[in-house]
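Asks: Given next are the chains, with one letter for each unit.
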Amino acid sequence: MIEFTINGQATSLDADPNMPILWVVREKLGMTGTKFGCGIAACGACTVHLDGEPVRSCSTPLSAAEGRAITTIEGVSGEDGELSAVQQAWISEQVPQCGYCQSGQIMSATALLRDNPTPSDDDIDAAMSGNICRCGTYKRIRQAIKVAAGLETAQSEDEAQESAA
Amino acid sequence: MSEQDTGTQAAKKERSKVAKWSRRGFIGAGVLAGGALLIGVGVRPGNPVGKLKAKVAGGAGEELVNSWVKIGADNIVTAIIPHCEMGQGAHSVLAQMLADELDADWSKVEVMQAPADGSYIVSDTARMFVAPFTMNAADWIEPTWDGLFTQIGRLADAMITGGSSSIRTTGQYQMRIAGAAARKMLIGAAADEWGVPASEITTRDSTLIHSGSGNSAPYSDFAAAAAEQPMDSSPALKEPKDYRLMGKSKRRTDIPAKVMGKADFGIDANIPGVELADLSYAAVRRPPVPGTEVTSMDAEAAKAMPGVQQILNMGSFIAVVADGYWNAQQALNTITAEYSASESPIKTTADQFAAFRDAIDAAGDDGGEQAASRGDAASAFADAATKLETEYSAPYLAHAPMEPVNCTAWVRDTDDGAKCDIWTSTQVPLMARSAAAGALGMDDEDITVHHPFLGGAFGRRLENDYVTMAVRVAKATGYPIKMIWSREEDTQKALYRPADVSRFKGGLDAGGKLVSYNNIFTQRHDPAEASVPGIYDIANTSVRVAEAPLHLPFSAWRSVDHSQQGFFIESFIDEAAIAAGADPLEYRLNMLGANTARHKGVLEKVAEMSNWSAQRGEGIGLGVAIVESFGTVGAEVIEVDMNSGRPKMLNIWAAMDAGYVMNPDGFRNQIEGGIVFGLTAAMYGEIELEDGAVKQSNFHDYQMLRMDETPAIEVAIINSGTVPVGGAGEPGTPPAAPALANAIFAASGKRLRDMPFAKQFA
Amino acid sequence: MRKFTASMAALGTLSLAACGGSEVQEPVEQIVVAKPGEAASAAAPEQAVPAEPEQPAE
Numbered sequence: 001m002i003e004f005t006i007n008g009q010a011t012s013l014d015a016d017p018n019m020p021i022l023w024v025v026r027e028k029l030g031m032t033g034t035k036f037g038c039g040i041a042a043c044g045a046c047t048v049h050l051d052g053e054p055v056r057s058c059s060t061p062l063s064a065a066e067g068r069a070i071t072t073i074e075g076v077s078g079e080d081g082e083l084s085a086v087q088q089a090w091i092s093e094q095v096p097q098c099g100y101c102q103s104g105q106i107m108s109a110t111a112l113l114r115d116n117p118t119p120s121d122d123d124i125d126a127a128m129s130g131n132i133c134r135c136g137t138y139k140r141i142r143q144a145i146k147v148a149a150g151l152e153t154a155q156s157e158d159e160a161q162e163s164a165a
Numbered sequence: 001m002s003e004q005d006t007g008t009q010a011a012k013k014e015r016s017k018v019a020k021w022s023r024r025g026f027i028g029a030g031v032l033a034g035g036a037l038l039i040g041v042g043v044r045p046g047n048p049v050g051k052l053k054a055k056v057a058g059g060a061g062e063e064l065v066n067s068w069v070k071i072g073a074d075n076i077v078t079a080i081i082p083h084c085e086m087g088q089g090a091h092s093v094l095a096q097m098l099a100d101e102l103d104a105d106w107s108k109v110e111v112m113q114a115p116a117d118g119s120y121i122v123s124d125t126a127r128m129f130v131a132p133f134t135m136n137a138a139d140w141i142e143p144t145w146d147g148l149f150t151q152i153g154r155l156a157d158a159m160i161t162g163g164s165s166s167i168r169t170t171g172q173y174q175m176r177i178a179g180a181a182a183r184k185m186l187i188g189a190a191a192d193e194w195g196v197p198a199s200e201i202t203t204r205d206s207t208l209i210h211s212g213s214g215n216s217a218p219y220s221d222f223a224a225a226a227a228e229q230p231m232d233s234s235p236a237l238k239e240p241k242d243y244r245l246m247g248k249s250k251r252r253t254d255i256p257a258k259v260m261g262k263a264d265f266g267i268d269a270n271i272p273g274v275e276l277a278d279l280s281y282a283a284v285r286r287p288p289v290p291g292t293e294v295t296s297m298d299a300e301a302a303k304a305m306p307g308v309q310q311i312l313n314m315g316s317f318i319a320v321v322a323d324g325y326w327n328a329q330q331a332l333n334t335i336t337a338e339y340s341a342s343e344s345p346i347k348t349t350a351d352q353f354a355a356f357r358d359a360i361d362a363a364g365d366d367g368g369e370q371a372a373s374r375g376d377a378a379s380a381f382a383d384a385a386t387k388l389e390t391e392y393s394a395p396y397l398a399h400a401p402m403e404p405v406n407c408t409a410w411v412r413d414t415d416d417g418a419k420c421d422i423w424t425s426t427q428v429p430l431m432a433r434s435a436a437a438g439a440l441g442m443d444d445e446d447i448t449v450h451h452p453f454l455g456g457a458f459g460r461r462l463e464n465d466y467v468t469m470a471v472r473v474a475k476a477t478g479y480p481i482k483m484i485w486s487r488e489e490d491t492q493k494a495l496y497r498p499a500d501v502s503r504f505k506g507g508l509d510a511g512g513k514l515v516s517y518n519n520i521f522t523q524r525h526d527p528a529e530a531s532v533p534g535i536y537d538i539a540n541t542s543v544r545v546a547e548a549p550l551h552l553p554f555s556a557w558r559s560v561d562h563s564q565q566g567f568f569i570e571s572f573i574d575e576a577a578i579a580a581g582a583d584p585l586e587y588r589l590n591m592l593g594a595n596t597a598r599h600k601g602v603l604e605k606v607a608e609m610s611n612w613s614a615q616r617g618e619g620i621g622l623g624v625a626i627v628e629s630f631g632t633v634g635a636e637v638i639e640v641d642m643n644s645g646r647p648k649m650l651n652i653w654a655a656m657d658a659g660y661v662m663n664p665d666g667f668r669n670q671i672e673g674g675i676v677f678g679l680t681a682a683m684y685g686e687i688e689l690e691d692g693a694v695k696q697s698n699f700h701d702y703q704m705l706r707m708d709e710t711p712a713i714e715v716a717i718i719n720s721g722t723v724p725v726g727g728a729g730e731p732g733t734p735p736a737a738p739a740l741a742n743a744i745f746a747a748s749g750k751r752l753r754d755m756p757f758a759k760q761f762a
Numbered sequence: 001m002r003k004f005t006a007s008m009a010a011l012g013t014l015s016l017a018a019c020g021g022s023e024v025q026e027p028v029e030q031i032v033v034a035k036p037g038e039a040a041s042a043a044a045p046e047q048a049v050p051a052e053p054e055q056p057a058e
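Chains as they are written, first to last, in the numbering used here: chain S, 1 to 165; chain Z, 1 to 762; chain X, 1 to 58.
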């Protein structure tokens, strides 16, 4: 029996301690917001927080969560369901394309901004370059992080309507 | 807004305008029980209209106005979208197009994925690719073409998302017409009820208004009555000045769920009625060399592994079914197997490239198939003042969508006979159904395909190899299984963008003008015009294809042949410009041929954006490339810094002319992504062969561009008004690699003729 | 028809897959170890796993 909290909920689970957290979260707890991308900690799609630190859940065994707190994308919004500043910026900057990697991107960005509320471009590169986006939304991810940090103004829908050159 | 039509283009546009909207957007109608009318492409006598209604309009108080749009009792307009959503934004933009013509309240528009049903084939997409010359047919022949392509679409299961086509085919020819027709029927119903002329009724925000009588009503009040109105198959459509949603950057409807982790992709499938704990998972392994079979396997260790339920040798692959994917994959990793011998003589990357070069050598000076010909390229080369002979190459590439290939399947006996349900990320849900039917020996009607969001596709999910595998495993087990490929399997056992070699002989006259263009290569797939330097006026041109075998199976990869040809052609043109001592951008402008107002427009725009003529610092250079693909003309300039000895990309500017862009912010996002996709291939993309198998296995050796290497990207849109409009998903990709190679040359004098580039700066 | 199939390659090889012709292939070998829901995980988990959580790739 392994005990941990997930998104604030105390949980105990009779599961293989060697099983990566990714598969526990997805297949045992039914929380599918955390994604499988590579299985070798090379793409970041599976990023969750373990006691607040971003980890690649595909390569982190459940045993590592014993007595600790796991936060997934489902736990990022406020208790009243209000989206976090990062999530709101992801919408205002219209970041996602396919969206598959974006849970992991948001988890990495959330940890970055908590530790470094006003990151430089280099800080953003350092924190985010472990997360691959095959759709290529890096420009928008960078912009959204700056918006969430209050360094740039959010793009309103009306501004975005400014159409063609 | 740039108006830069030449006389010829204006004339062409005018012709298009005449014929364009006279198309029969619909070819049939059926009356439903209760008096509602179902209208849409593919609905004709004998079709299961009632069954379709149950799939798309099951809610209380809902009446179906037509098969592309639904209006609920709460006045919510639901756009039913026949295309898949794989990140390109088609769900939202197609809804925008329909809602604009319908004068719907955008805040009350919802999007629904159309079910995998023959009623939702996208006949116009098939038509644009198979017979583009019919797209603006004369009125008298239009019903014939429309009927023919509906039939072909049905036979071919053409419910398909690809070819950068959703907006310019389904959007223009189906969704807009559906919206306008529905609006007209609602007006007709209100006119009858209110006893006023239809011409006096206006619409706004999902409301019918007759100002003379003071009557107004939400659309929902007349949804049922509208169904009894006559259907206009060629309703008048809005002019751009009247657009309220089209041309606007409305936010995408799928994004909120995607930032909350609530968007369901194929891999997230839940099976209704099956408890999470009871679902089984399959890990699979195909033989390492294409075309070979499993001859024997040793699964002793796997049998004792935790959670294992079944171990299957399926002939063409091995599967382990377990209580979780992790357990299945761990058990699979312990299985050893023997495979049949490959008949392919190609074992290594060197073998593959030798096969290309042998084919080109064998074709000699006039062998192979002529793909394009003008003047006498051979004698013009012989007479040229300056001769240029170059050879370029591109490697195999994998698609590597972030969501690994997966498919959930349940094959079971019911009182009603054998049934199969499939949940998967696919660009071709009806073809997936046919593939499953073939593999199971079942009828299409007994198979239901559920297709949620796709976690990327880029052409990979046009294939049904994985669907066939999953249903075969599910049939063997008799209980539902979720098959997930490891990233290694996804990288090594897929279908690939082909490698190729392309050879050029160019002749310049004394003034530096390119007067002879001779080109031969080996891989021609699609689009046919990708290898033709048609935008340039070159007096003597010969383009030939010398077919050569591919060891790895082909599949379409974002921009298909343009992904190699853009690099080959635009690198060669750059070398010609350098040989002529000309500015590469000026050289291109001077060489543009007939009907190239759009090309001139994007080149001039990108020159302005990049401040092209301004002197850069030491070791910094600019490269340009222009490619027309999927109806869109795109020019890109890249600024690269070579001072560290390796290319560091600083800036990218892109000017794109798609005729008219329906959602500018969404279009920009697609071009930005297309550029990163192209630059990833240019810098890193390479699938190599060893012992007949793919060498690369995961993101550590099949690298992607990441945040720290992605430069600033600026995209400008030129709405030239050209009809038909162009695509968005693919056109950003082809110019990226040649623009980078040309920039590296400008910065360092090093000409890169082989992709990828990064390893050439070890 | 060549034009038809060639054009459709870009959209996903409509040609043969859609027209059927494939045969139903049964498994060459099928080893049944347990049924779903059965406690098959009694076997000792001995597979190699990372001892420490890996750090995120930078």
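Worth flagging that the hints you see were computed from the coordinates, not collected in a lab. Note that beta-carbon positions come from the ideal geometry of N, C-alpha and C, so glycine has one too. Please note that a few of the clues may not be correct.
Listed next, the in silico SDA-like pairs over lysine to any residue satisfying Cα-Cα at most 20 Å (straight line) [said to hold, decoys possible]: (1) X/K35 <-> Z/K238; (2) Z/K238 <-> Z/I209; (3) Z/K262 <-> S/G67; (4) S/K28 <-> Z/D278; (5) S/K28 <-> S/G67; (6) S/K28 <-> Z/P272; (7) S/K146 <-> Z/E709; (8) Z/K513 <-> Z/K303; (9) Z/K262 <-> S/K146; (10) X/K35 <-> Z/A304; (11) Z/K248 <-> S/E157; (12) Z/K303 <-> X/P36; (13) Z/K648 <-> S/D121; (14) X/K35 <-> Z/L276; (15) Z/K108 <-> S/M31; (16) X/K35 <-> S/T153; (17) Z/K238 <-> Z/G188.
Interface residues of chain S toward chain Z, partial, derived using beta-carbon atoms under 7 Å [stated by the list, open to error]: (18) W23; (19) G37; (20) C38.
Which chain Z residues stay away from chain X? Per the calculated CB distances, all over 12 Å, these [unchecked claim]: (21) P218; (22) E228; (23) A302; (24) G441; (25) P756.
Asks: Evaluate each hint against the coordinates.
Replies: Status of the hints after comparison with the structure:
1. Taking the CA atoms of X/K35 and Z/K238, the gap is near 60 Å; set against the 20 Å cutoff, the hint is violated.
2. Among the hinted pairs, Z/K238 with Z/I209 is consistent with the structure: their alpha-carbon atoms are about 19 Å apart, no more than 20 Å.
3. Restraint check: the Cα-Cα separation between Z/K262 and S/G67 comes to about 27 Å, which exceeds 20 Å; the hinted pair is violated.
4. A C-alpha spacing of about 10 Å is found between S/K28 and Z/D278, which places the hinted pair at or below 20 Å, so the restraint holds.
5. A distance of roughly 18 Å separates the Cα atoms of S/K28 and S/G67; the hinted pair therefore holds under the 20 Å criterion.
6. Using a Cα cut-off of 20 Å, the hinted pair S/K28 and Z/P272 holds, with the two alpha carbons roughly 17 Å apart.
7. A distance of roughly 18 Å separates the Cα atoms of S/K146 and Z/E709; the hinted pair therefore holds under the 20 Å criterion.
8. The hinted pair formed by Z/K513 and Z/K303 fails the criterion: a straight-line CA distance of about 71 Å is larger than 20 Å.
9. Under the criterion of a C-alpha separation no larger than 20 Å, the hint pairing Z/K262 with S/K146 is inconsistent with the structure, at around 24 Å.
10. The hinted pair formed by X/K35 and Z/A304 meets the criterion: a straight-line CA distance of about 14 Å does not exceed 20 Å.
11. For the suggested pair Z/K248 and S/E157, the alpha carbons sit about 9 Å apart, so the restraint of at most 20 Å is met.
12. A distance of roughly 15 Å separates the Cα atoms of Z/K303 and X/P36; the hinted pair therefore holds under the 20 Å criterion.
13. Our distance criterion of 20 Å between C-alpha atoms is met by Z/K648 and S/D121, whose separation comes to about 15 Å.
14. Taking the CA atoms of X/K35 and Z/L276, the gap is about 15 Å. The hint holds against a cut of 20 Å.
15. With a CA separation close to 29 Å, the supplied pair Z/K108 and S/M31 exceeds the 20 Å bound.
16. A hinted pair counts as satisfied when its Cα atoms are at most 20 Å apart, and X/K35 with S/T153 does not qualify at roughly 56 Å.
17. Among the hinted pairs, Z/K238 with Z/G188 is consistent with the structure: their alpha-carbon atoms are about 18 Å apart, no more than 20 Å.
18. At a threshold of 7 Å, the smallest CB-CB gap from S/W23 to chain Z is about 4 Å, leaving the interface hint in force.
19. Against a cut-off of 7 Å between C-beta atoms, the interface hint on S/G37 holds, since the closest Cβ of chain Z lies about 5 Å away.
20. The interface hint given for S/C38 is met, as the beta carbon of that residue sits about 4 Å from the closest beta carbon of chain Z, less than 7 Å.
21. No Cβ of chain X approaches the Cβ of Z/P218 within 12 Å, the least distance being about 40 Å, so the stated non-interface status holds.
22. With a minimum CB-CB distance of about 37 Å to chain X, Z/E228 clears the 12 Å threshold, and the non-interface call stands.
23. For Z/A302, the requirement that its beta carbon stay farther than 12 Å from each beta carbon of chain X is not met, with the minimum near 8 Å.
24. Listed as outside the interface, Z/G441 is inconsistent with that label: its C-beta sits roughly 4 Å from the nearest C-beta of chain X, within the 12 Å cut-off.
25. With a least beta-carbon separation of about 21 Å from chain X, Z/P756 lies farther than 12 Å from that chain, consistent with its non-interface assignment.
Of the numbered hints listed earlier, those contradicted by the structure are 1, 3, 8, 9, 15, 16, 23, 24.
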